[in-house]
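**Q** Based on these hints, arrange chain B on the given structure of chain A.
The listed protein sequences correspond, in order, to chains A and B. The first sequence finishes on residue 211 if you use numbering that gives the first Met the number 0, and the numbering steps up by one all the way, no holes. The second sequence finishes on residue 539 if you use numbering that gives the first Met the number 0, and the numbering steps up by one all the way, no holes.
What you were told as hints is all true, and nothing was included just to trick you.
Taking beta-carbon pairs under 8 Å as the criterion, some of the chain A residues facing chain B (in silico):
| id | residue |
| --- | --- |
| 1 | I27 |
| 2 | E32 |
| 3 | G42 |
| 4 | G128 |
| 5 | R139 |
Hint data in this document are derived by calculation from the structure and do not stem from the laboratory. Here the structure is a predicted model, which means the values were calculated and not measured. For glycine and all other residues, C-beta sits at the position ideal for the given N, C-alpha and C.
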Amino acid sequence: MSTESSPWEEHFGSRENQSVAAQLGMWIFLGSEVLLFTNLFVGYAVYRYYYPEVFVEASKHLKAEWAMVQTLLLVTSSLFVVLAVHYIRQGRQLLTVLVLVLAIGMGLGFLGIKGWEYWEHWKEGALPGEYYRLEELPERGGSLFFTLYFLLTGLHAIHMLVALGLLGWLVWGALSGKYTAEYHIPVEVGGLYWHLVDIFWLFIFPLLYLVE
Amino acid sequence: MNPAAGSNQPAVTYLNHETTVASWLLTRDHKRIGVMFLVGVIFALLLGGIFAMALRIELLTPGPTVMGPMTYNRMFTLHGVTMVWLFMIPAIPSAFGNFVLPIMLGAKDVAFPRLNLASFYIYLAGSMLTVFGMLWSGADTGWTFYTPYSTVSPTTVTPILLGVFIIGFSTIITGLNFITTVHTLRAPGMHWTRIPLFVWTIYGTSVIQVVATPVLGMVLLLVTAERVLGMGIFDPSRGGDPVLFQHMFWFYSHPAVYIMVLPAMGVITEVVCAYSRKNIFGYKMVAASTFGIAFVGFFTWGHHMFVSGQSTFGSGIFGVLSMLVAIFTAIKIFNWVATLYGGSIDLKVPLLYVLGFIFLLMFGGMTGVAVATTSLDVHWHDTYFVVAHFHYIMVGAVLMAFLAGLHYWWPKMFGKLYPERWSFLAAMTIIFGFIVTFLPQFLLGNMGMPRRYYEYPREMQWLHVLSTAGASLLAFGFGLIAIYLLWSLRYGEEAPMNAWGSRGYEWYSGSPPVPHNFTEAPRFEREVHDYTVVEGPRVY
Numbered sequence: 000m001s002t003e004s005s006p007w008e009e010h011f012g013s014r015e016n017q018s019v020a021a022q023l024g025m026w027i028f029l030g031s032e033v034l035l036f037t038n039l040f041v042g043y044a045v046y047r048y049y050y051p052e053v054f055v056e057a058s059k060h061l062k063a064e065w066a067m068v069q070t071l072l073l074v075t076s077s078l079f080v081v082l083a084v085h086y087i088r089q090g091r092q093l094l095t096v097l098v099l100v101l102a103i104g105m106g107l108g109f110l111g112i113k114g115w116e117y118w119e120h121w122k123e124g125a126l127p128g129e130y131y132r133l134e135e136l137p138e139r140g141g142s143l144f145f146t147l148y149f150l151l152t153g154l155h156a157i158h159m160l161v162a163l164g165l166l167g168w169l170v171w172g173a174l175s176g177k178y179t180a181e182y183h184i185p186v187e188v189g190g191l192y193w194h195l196v197d198i199f200w201l202f203i204f205p206l207l208y209l210v211e
Numbered sequence: 000m001n002p003a004a005g006s007n008q009p010a011v012t013y014l015n016h017e018t019t020v021a022s023w024l025l026t027r028d029h030k031r032i033g034v035m036f037l038v039g040v041i042f043a044l045l046l047g048g049i050f051a052m053a054l055r056i057e058l059l060t061p062g063p064t065v066m067g068p069m070t071y072n073r074m075f076t077l078h079g080v081t082m083v084w085l086f087m088i089p090a091i092p093s094a095f096g097n098f099v100l101p102i103m104l105g106a107k108d109v110a111f112p113r114l115n116l117a118s119f120y121i122y123l124a125g126s127m128l129t130v131f132g133m134l135w136s137g138a139d140t141g142w143t144f145y146t147p148y149s150t151v152s153p154t155t156v157t158p159i160l161l162g163v164f165i166i167g168f169s170t171i172i173t174g175l176n177f178i179t180t181v182h183t184l185r186a187p188g189m190h191w192t193r194i195p196l197f198v199w200t201i202y203g204t205s206v207i208q209v210v211a212t213p214v215l216g217m218v219l220l221l222v223t224a225e226r227v228l229g230m231g232i233f234d235p236s237r238g239g240d241p242v243l244f245q246h247m248f249w250f251y252s253h254p255a256v257y258i259m260v261l262p263a264m265g266v267i268t269e270v271v272c273a274y275s276r277k278n279i280f281g282y283k284m285v286a287a288s289t290f291g292i293a294f295v296g297f298f299t300w301g302h303h304m305f306v307s308g309q310s311t312f313g314s315g316i317f318g319v320l321s322m323l324v325a326i327f328t329a330i331k332i333f334n335w336v337a338t339l340y341g342g343s344i345d346l347k348v349p350l351l352y353v354l355g356f357i358f359l360l361m362f363g364g365m366t367g368v369a370v371a372t373t374s375l376d377v378h379w380h381d382t383y384f385v386v387a388h389f390h391y392i393m394v395g396a397v398l399m400a401f402l403a404g405l406h407y408w409w410p411k412m413f414g415k416l417y418p419e420r421w422s423f424l425a426a427m428t429i430i431f432g433f434i435v436t437f438l439p440q441f442l443l444g445n446m447g448m449p450r451r452y453y454e455y456p457r458e459m460q461w462l463h464v465l466s467t468a469g470a471s472l473l474a475f476g477f478g479l480i481a482i483y484l485l486w487s488l489r490y491g492e493e494a495p496m497n498a499w500g501s502r503g504y505e506w507y508s509g510s511p512p513v514p515h516n517f518t519e520a521p522r523f524e525r526e527v528h529d530y531t532v533v534e535g536p537r538v539y
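Same shape as in the complex, but just chain A:
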């Protein structure tokens, strides 16, 4: 059993192997995350096929401009996460912390906009299932659109929260000097997770907000 103080675990044989294993493990996990979302994408495809007009009409109740802002925030934050990996490979811990904090700020901005959007939907009655009160649109199809909308964006938001926690943990680790040019596996692996959350949004955004 490895000792707590050293980040290098003995059973991997070599440091390089530990890094390979961590990355492989994360990629497999990301693959399974993709399949978690797939159900909702399939549901979206099926119900869009059943109710094409209602879905187009319903999407006009969403705030596409603000979603654009969210997209920009998220993509930029991904850039900062890439920079964090770049800096920690050079052992520059303070710069790493700085870019990670910027990324976290953008993530929080994203969630803030999302929360405000949810609030607007609440006022309008554009809610899932039995809470649906939007009268311009037929309930059959309309309530399904908003069910899928809340499920997709809600699941995404939960992943964002987890990913933000992860980045916060990386900030703490970088501040306490745990990560160095030698040892930076968690930053790389955590960065991968952030990119996954980013990529999900790049599918959700056009499907819900843009497609007509």
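**A** Chain B alone, transformed into the frame defined by chain A:
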């Protein structure tokens, strides 16, 4: 058995190097985690078995026997839920896979030991939530949770859905861990073409676990959301489609059959080689057929939906794809038989279970081809024929392999021998009991007895009585096994290093193994189960 041979067991083993309760509960040793999983799944088997016996006793007479219809509905639901999710899916990969896979690869541990421990606790938490739901009032939806009924049933479905969802994470983590372990932790000399076939099957299973389980998780969450928040995604009154649930559910749950059966096939391969003193007849074909089954398994889910209003063309395609599974399975069966042929056969108890396994798999597999035929399935759909078919293939395979593995690796895990005669008697009882339990159910199904029914016409009673008699034999057999295995832990003869003279790589380490599996790094210089080279016992 030579008692003096016992003296070469290692003095410090994974069992005795630390003995406090905390050292078990917080262990990161894959062997201890494997043993904890073993205890967990055996409890699940016991619980599911009690439910099964209750069902069989109820069906002794055509009318009410010992319980009311609602209790009966709950019983078959809980039997299915417990057996599928708490026992069969984790049984072989999480218990035996955890124990022997790293040793077979010459690794000190799995890639992520902490995650491995987490996997056990997630399994425990999910199981406890599920059992809590069962005790609270139990669900009456059947283990498949079909919508729209599962969204409106007044029973406590929600905790059970969430419990199964949580267990899914344990499955994903275990799969992820094994894949990474196989890729990164093979010892020198362990090429891809030397990996033991048990490891190959666990690897194939892990791929299915990682790919399919999230789909199940999501669909269970959707049903939960529908129950709790009235989301309406499968609700026809809001425009939803209940058949979509079936597609999503079976996209996971059909491959889940292979999560159960593939590791069983892996155990069988190891045991066949060990007791016929030969390496497997066609190593590459057996390994490749594992992935054939895993791959094709993802394209067969529609055969559960032949009568759901799916197009005839779609049903035809799903039927043909389903039959492909039989080809890959046949490759394995022919290879086992070819390995036994001309082998120096030692008919010990694990090999007895192998023979039971081959019979049940053949019978279950061929009835599988029959129900994959659309025209026949319309007749047999949702009858006892299907119940008998999937009990033969899933339960028969998993139970036989589980018991074969349990006996084969018992000396490896605990350093004790089990009593040979008692175990022989138990194995015969179990194999015979299994056939007597489920063979009549094929006949019942063909006569038109629908599954999940509480009552039946009097003409069918003799077959039900026969089936219950078989189930009682099974219960007796399990009781016997429980008694002699517990007895052997305390009073059993000490096992020698390699109780069976097996050439499987896991016997390179001590029996029971030392804490980090090996005292020095093992060298793999021959193929696994190569009995042609002369070598003394090698223990690293």
